[in-house]
Structure formats: structure tokens, C-alpha cells
Amino acid sequence: MGNAGKTTNSDWLRRSLMTLVQAGGGGERASNHTAFVVDQLGRAIVAGEYPPETMIPLDPDLCEMFGVSRTVVREAKKTLIAKGLIQSKAKVGTHVRPANEWTMFDQDVMRWHATVKNPTRFYEELFEIRMIFEPAAAAQAAARTNRIACAQLYELCDDLARADSRADFALADYEFHKEVLRLSGNRFLQSLGDLVQTALYSLFLSDQGAALSDRREKVAQSHRAIVAAIASGAPQEAREAMRRVIQDGYWNAVPEKAALL
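Residue numbers for the sequence shown, in the working numbering: 1374 to 1634.
It is worth saying that the hints were derived from the structure and are not from the lab.
Remember, it's a predicted structure, so these values are computed and weren't measured experimentally.
Just so you know, even glycine gets a beta-carbon here, dropped at the ideal spot from N, CA and C.
Among the hints, a few may not be true.
Claimed, not checked - The list that follows gives simulated cross-link-like pairs (lysine-lysine, DSSO-like), each with its CA atoms no further than 27 Å apart:
#1 Lys1456 <-> Lys1490
#2 Lys1451 <-> Lys1462
#3 Lys1451 <-> Lys1464
Claimed, not checked - Here are the simulated distance ranges between beta carbons:
#4 Arg1616 <-> Pro1430: 43 to 53 Å
#5 Met1438 <-> Tyr1527: 25 to 35 Å
#6 Trp1624 <-> Ile1505: 12 to 22 Å
#7 Gly1606 <-> Pro1424: 47 to 57 Å
#8 Ala1408 <-> Glu1474: 20 to 30 Å
#9 Ser1538 <-> Gly1466: 23 to 33 Å
#10 Tyr1527 <-> Gly1558: 18 to 28 Å
#11 Ala1417 <-> Ala1463: 17 to 27 Å
#12 Gln1525 <-> Pro1471: 54 to 64 Å
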């Protein structure tokens, strides 16, 4: 499916999705102790177990809680500080920073948001930001791209239509949107691929819509409409087709929103 050379981001998404469909759903402890502590604390903070401005447990307590050394705890805290989730002050301790100061474009921070119990607001924010840049990327691609350059996009549409599992479907979807960003020719737009990846990962987690077999061809057709517009050099049509795809995906993830329309 797609290019022979997979990117690191694609590999990350594949591992994440495969973990979810395996027995245990990712409950096993990570082999890297620091990564394990970062993941557990990060999830807890995003889930609100440690509200903003409250203190997280002291290092000795964290060592006992996770069964790790102080070195591991210190490294984990450094990582969470870099992600904007916590702040450490000498003789005071380590407290959780306000949510509006978190690094939301960080891959882990977005992933943690996708796994909270009621992530509706997170989906809304993802929907809003995707509606800003992805239709623009599709329009830009239409202004730059010829039919030959769209061959990969058509192949990925076929992958969507014949996906045997939700994981394969999500991967094909991610590769499609990443390719549109690449075809835009804008490096800033291309760098937003991580955001698309996490958005699709979160939609995969929340999928409450029809069975995959009932909708994969419909989704593939809506994606083919994007490709047709890009291949025809029709920026406005490409923009609108991308808007419809993103909106449909959002409604499928948050069906109560669609019911209000």
C-alpha cells in the first residue's frame, strides 16, 4: 500500500493501530522505562487526574509507583517539561501547567487527548484546524499537479476501498492525506502531516459509525473526488471535496453533532 519506503510517522501510526487491535490493547509495560513513565504520567495529566496548578507526586513516590529509579523519573519529567505539561521549581516541586500552555502539536500530547474518556472537545479542535489547512493544501495541489503525479493518490483510494481491517483503512487514509500535503509543494503544510496522523488515529479510536464493509467504498469515492479535482487542475473543486471528506469523518466520529444539523 503506497510507496515502498515508509516514513517513520507511518510506522508510528501502524504500531499504534496494531497495538489497539491486539489483545491487551497496549496495556503491557513499555520496554523503555522512561517512555513508560512519560506515557503513564502524560495520560493521567491530560485525563485530569492531576488538574492544572496541582502538584504531581514527589520523585520517591513516583519511583515506588512505577517501580523505577530516580534517574528514570528525572528523565521522564524532563520530557514532560519539554512537552509543556509540567513545570518544576526548586524547593517547591513539580506542578501541572494550564492546558492552554501544553504543546498541542506534540505527537504524544495529541495521542493522549485522543484516549481520554470524553474527547469531544479535542475532536472539535482537530476538526477546526484541519478545515483551515487541508482544503487549502488540496487547492494548492490542484494548482501545481498534473494527472501523472496523482497516480499515487488513486492507488491509495483503491487501498481504502479494499481495506480488510480498520487499521489498514486508517493507514491508507493517512497516506492519502499526507500525499495531498506533499503535492501542495508547501513545506509548512507538509510538516502538518503529524497532525493529520493523530487526527485519523483519534477517529479510529472513536469510530462509532457503520461497519467498515458498509462505508469503505463510499469513503474511497469521496477521496477520488479530491483526486479528480486535483488532476483536473481545479483548485476550488479540490478545496470543497476535501472539506466534505473532513466533515464526513468528523460526523462519523461525533455522530451527536451530525444529529444537530
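Now the hints, each set against the structure:
The suggested pairing of Lys1456 with Lys1490 holds, with an alpha-carbon distance near 21 Å, which does not exceed 27 Å. For a cut-off of 27 Å, the pair hint linking Lys1451 to Lys1462 stands: about 12 Å separates their Cα positions. The hinted pair formed by Lys1451 and Lys1464 meets the criterion: a straight-line CA distance of about 17 Å does not exceed 27 Å. Here the CB-CB span from Arg1616 to Pro1430 is close to 45 Å, well matched to the stated 43 to 53 Å.
One distance hint, 25 to 35 Å for the beta-carbon pair Met1438 and Tyr1527, is violated here, with the actual separation near 51 Å. With their beta carbons about 18 Å apart, Trp1624 and Ile1505 fall inside the hinted range of 12 to 22 Å. Remark: the range hint 47 to 57 Å for Gly1606 to Pro1424 is upheld by a beta-carbon distance near 52 Å. The hinted window of 20 to 30 Å between Ala1408 and Glu1474 holds, with their beta carbons roughly 23 Å apart.
The beta-carbon spacing between Ser1538 and Gly1466, approximately 46 Å, falls outside the hinted interval of 23 to 33 Å. A hinted range of 18 to 28 Å holds for the C-beta pair Tyr1527 and Gly1558, which are about 19 Å apart. Roughly 24 Å separates the CB atoms of Ala1417 and Ala1463, a value that falls within the hinted 17 to 27 Å. Hint check: Gln1525 to Pro1471, Cβ distance near 42 Å, so the stated range 54 to 64 Å is violated.
Hint compliance for this structure: hints 5, 9 and 12 are not met, and every other hint is.
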